[in-house]
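Full structure from sequences and hints, please.
There are 2 protein chains.
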Amino acid sequence: MKTPKISEAVIRRLPVYLRYLQHLRDLNITTVSSHELGQNLDMNPAQIRKDLAYFGEFGRKGIGYDVQYLIEKIKQILKLDRRLNVALVGAGNLGTALSNYNRYTNEKLKIVAIFDSFEEKIGTQVGTLEVLPIELLPKMVKELDIKMGIITVPATEAQKVADQMVDAGIKGILNFAPVILKVPLDIPVRNADVTTELESLAYYVD
Amino acid sequence: MKTPKISEAVIRRLPVYLRYLQHLRDLNITTVSSHELGQNLDMNPAQIRKDLAYFGEFGRKGIGYDVQYLIEKIKQILKLDRRLNVALVGAGNLGTALSNYNRYTNEKLKIVAIFDSFEEKIGTQVGTLEVLPIELLPKMVKELDIKMGIITVPATEAQKVADQMVDAGIKGILNFAPVILKVPLDIPVRNADVTTELESLAYYVD
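From first to last, the protein sequence lines are chains U and L.
Mapping to full-length UniProt numbering: the first sequence position 79 is 79, numbers consecutive.
Mapping to full-length UniProt numbering: the second sequence position 36 is 36, numbers consecutive.
Don't take each hint at face value.
What the hints assert, rightly or not - Quick list of in silico lysine-lysine cross-link-like pairs, DSS-like style, CA-CA up to 30 Å:
{"no.": "1", "chain 1": "U", "residue 1": "K61", "chain 2": "L", "residue 2": "K182"}
{"no.": "2", "chain 1": "L", "residue 1": "K171", "chain 2": "L", "residue 2": "K75"}
{"no.": "3", "chain 1": "U", "residue 1": "K75", "chain 2": "L", "residue 2": "K160"}
{"no.": "4", "chain 1": "L", "residue 1": "K171", "chain 2": "U", "residue 2": "K73"}
{"no.": "5", "chain 1": "U", "residue 1": "K121", "chain 2": "L", "residue 2": "K110"}
What the hints contain is simulated information worked out from the structure, not anything from laboratory work.
Right, dumping it as C-alpha cells:
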C-alpha cells in the first residue's frame with residue numbers, strides 16, 4: 001500500500017509521540033491508550049487516534065497501542081529506520097552543545113562533520129570530531145553521504161552557509177541563526193531561534 | 001489608546017521583524033518598505049503591513065517604515081523595553097551554550113541565574129555566573145525578580161523543574177527537554193526540541 005501524502009502538522013507531531021513512546025519503553029511500559037498519550041502530551045486523544053490511524057490500524061480497542069510496535073512504525077514513517085548523516089556549520093558554543101547533545105539522543109540521525117570558517121576553530125575537537133574548514137563541505141558531503149545541515153553561525157553568515165550547503169547537495173536545513181534563509185523550494189528549512197522564542201514569550205509575562 | 005488583543009501568530013512574527021530591522025540598522029539602513037521586508041523574510045508584504053498596522057500607522061506610502069522607529073515600537077509592543085530576568089535550569093552543554101549565546105543577543109532579556117541539581121555542576125562557572133543548587137531557585141526568583149525560566153535538563157527531570165519554576169513564581173517557560181510540560185494555563189510554555197525538529201525534517205529528505 002502506498003502511503004498517502006502526510007500533512008506537515010502530522011509530521012511535526014510524530015516525533016513528539018515517538019519521544020514519549022521511547023520514554024514509556026524505557027520505563028518498561030508495553031501498552032498505552034490514546035487517552036493516556038493525550039493526557040501526558042496535553043493533546044486531544046481523538047487527534048492522536050486520527051494521526052496514527054492515518055498509517056493503518058495500530059491500536060486495539062480497550063487495550064491500546066503496543067509501545068514497541070508503534071515506535072517502529074513511527075520510525076518507519078519518518079524514515080528514521082535509516083541512517084541520516086548531518087553536517088553542522090558553526091563550531092561555537094551552540095554548535096558544540098548541539099553536537100554533544102546529538103550524540104545521546106538519536107542513533108540514526110548523526111552529526112558526522114563539523115565546519116567553521118574561523119581559523120582559530122579549525123582543527124579543534126568537538127567531542128570526537130575535528131572542526132574542518134568550510135571549504136571542505138562539498139567534499140565531505142559527498143564522501144560521507146551527508147543529507148542534512150545544521151547552521152549555528154552568526155546571522156550575518158547564515159545565508160552564505162545555506163547557499164554552500166545547497167550547492168554541496170544537502171537536502172534539509174535546521175537553522176539556528178536569527179534570519180530567514182532563502183533556499184530552493186524543494187529544500188525544507190526549520191528555524192530555531194532561541195532569542196526569538198524568548199522575545200515572543202516575554203509578551204505574555206506581566 | 002488601549003492595545004487590542006494580539007494573536008499569538010502576530011506575537012511570534014514580531015521578533016522576526018525585530019531581528020531583521022536590527023540587522024538593517026546595523027547596516028545603517030534607515031528606511032525599509034513592506035515589499036523589501038517581505039522579500040528578505042520570505043513573507044507576504046500585505047501580511048507584514050497588516051501585522052504592523054495593527055498597532056497604528058507606522059509606515060508612509062512610497063517611503064516605507066523608519067527602521068529605528070519601528071524597532072522601538074515593536075520593542076514596546078513586545079514589552080522588550082523593560083528588563084526581564086531569566087533563570088536557566090540545567091548547566092550542561094546546552095544550558096552553557098544558551099547562557100553564552102544570550103549574553104550577546106538581547107540586552108534586556110537576560111539569564112541572571114543558572115541552576116543544577118548535580119553536585120559536580122554546582123559552584124562551577126558559566127560565563128560570569130556561578131551554578132547554584134536548584135534549592136535556591138525560589139529565593140533567587142524573589143531576590144532577582146526573575147520572570148522567565150529556561151529548562152535544559154534531561155527529559156526525565158523537566159516536569160519536576162517546571163513545577164519548581166511555577167512554585168517559585170516564574171511566569172513563562174522555554175523548554176528544551178523533549179517532553180510536553182504540564183503547567184497552569186496562565187503560564188505560557190514554548191517548546192524547543194532540537195532532535196524533534198531534526199526528525200520531522202528527516203521525513204522530507206530522500
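Cross-check of the supplied hints:
At roughly 27 Å between alpha-carbon atoms, K61(U) and K182(L) fall within 30 Å of each other, so this suggested pair holds. Distance hint between K171(L) and K75(L) is fulfilled; the C-alpha atoms sit about 19 Å from each other, no more than 30 Å. Between K75(U) and K160(L), the direct Cα distance comes to roughly 29 Å. Compliance with the 30 Å bound is thereby established for this hinted pair. As the CA atoms of K171(L) and K73(U) are separated by approximately 38 Å, the hinted pair breaks the 30 Å bound.
Between K121(U) and K110(L) the CA atoms are separated by roughly 27 Å; this keeps the pair inside 30 Å, and the hint holds.
Of the numbered hints listed earlier, the single one contradicted by the structure is hint 4.
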